[in-house]
Every structure is written in C-alpha cells, then in structure tokens.
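Work the whole structure out from these sequences, hints included.
Chain by chain, the residues:
There are 2 protein chains.
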Amino acid sequence: MKSLQRILADNLKRVRAERGYSQEKLAEIVDLHRTYISGIERGTRNVSLRNIEKIAQALDLPVVELLTEPED
Amino acid sequence: MKSLQRILADNLKRVRAERGYSQEKLAEIVDLHRTYISGIERGTRNVSLRNIEKIAQALDLPVVELLTEPED
Numbered sequence: 048m049k050s051l052q053r054i055l056a057d058n059l060k061r062v063r064a065e066r067g068y069s070q071e072k073l074a075e076i077v078d079l080h081r082t083y084i085s086g087i088e089r090g091t092r093n094v095s096l097r098n099i100e101k102i103a104q105a106l107d108l109p110v111v112e113l114l115t116e117p118e119d
Numbered sequence: 048m049k050s051l052q053r054i055l056a057d058n059l060k061r062v063r064a065e066r067g068y069s070q071e072k073l074a075e076i077v078d079l080h081r082t083y084i085s086g087i088e089r090g091t092r093n094v095s096l097r098n099i100e101k102i103a104q105a106l107d108l109p110v111v112e113l114l115t116e117p118e119d
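Just so you know, the sequences run in chain order E and R.
48 is the number of the first residue of the first sequence in this note's numbering; add one for each residue after it.
48 is the number of the first residue of the second sequence in this note's numbering; add one for each residue after it.
It should be emphasised that the hints constitute simulated quantities derived from the structure, not laboratory data.
Misleading hints may appear alongside valid ones.
As the list makes no split between identical chains, a pair holds if one copy fits it or if it spans any two.
Cross-link-like lysine to aspartate or glutamate pairs, in silico, DMTMM-like; alpha carbons within 20 Å at most [stated by the list, open to error]:
no., residue 1, residue 2
1, K49, E88
2, K49, E118
3, K49, E116
4, K49, D107
5, K101, E65
Here the structure is a predicted model, which is why all the values come from computation and not from measurement.
As structure tokens, then:
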C-alpha cells in the first residue's frame, strides 16, 4: 500500500501542474518555502495537518482529495 | 467551517470511545505519548501525516475517515 506521504506527493504534483502553478508560485501563495513544497512532492516531508489545509485551500480542493489515490 | 484539526479531534475522540480504548491504551498501541493523543483530541496538536497514519492503522480505519466530518 502507498503511504499517505506518497499519495500526497503524487496528488500535489499532479494538481499543481493542472493549476499551472510552479513550485515557487504555490509556495508564495501558501506562504511556505519552495524547498518545503518540493520536499512534499518528493515524498520526503512529514507534512502537518495545518500545512496540508493551507495547501488544499490554495489549490481550492478538499483536503481529502489530496490524501486519496485517484480512481483511475 | 471546522478546521481539519477540529474534525480530527472530534472523530478521534468518537472512534476511540467506540473501540473501547482509553487514551492510554491507544497511546500504547500507536507508540505515542498519552498527552499527545490527548492534545489531538483537544484540537491543540498540529498532527503530522505519519502520526495520523499510525493512528488510523491502530483504529483499523481509513485515514480519510478521521479527516472527514461524519454525515449525520
């Protein structure tokens, strides 16, 4: 089974690209460092709930969608 | 809107009680400190993904159910 960190990594990378945001741009919107965003997308960051919530809000997405594997 | 921390707090308290676990017992199973569990249930802890995952496994529950408001 994929770890939650891995699921979040893959989802964030995909959704961020769909939104047309660079890591820098997203980092700026959520007021986190670009290397932090990059770490999440590599699956190396043990992200906190509060930061997941901030990122989901910036992407206008329910948190749960960031933490669930896509159907297809 | 309820914060994610608040949703987790309420869900954890409810599910833990349903399982018949004390905070001590759950803390023991997931190898976290009882005051940490207590902090989550008070909504004061900014929990990390890894710990949410451990707790969900201990409760035999999908992570997403801990992070979603119950329907009723």
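Which of the listed hints are not met by the structure? Violated: none.
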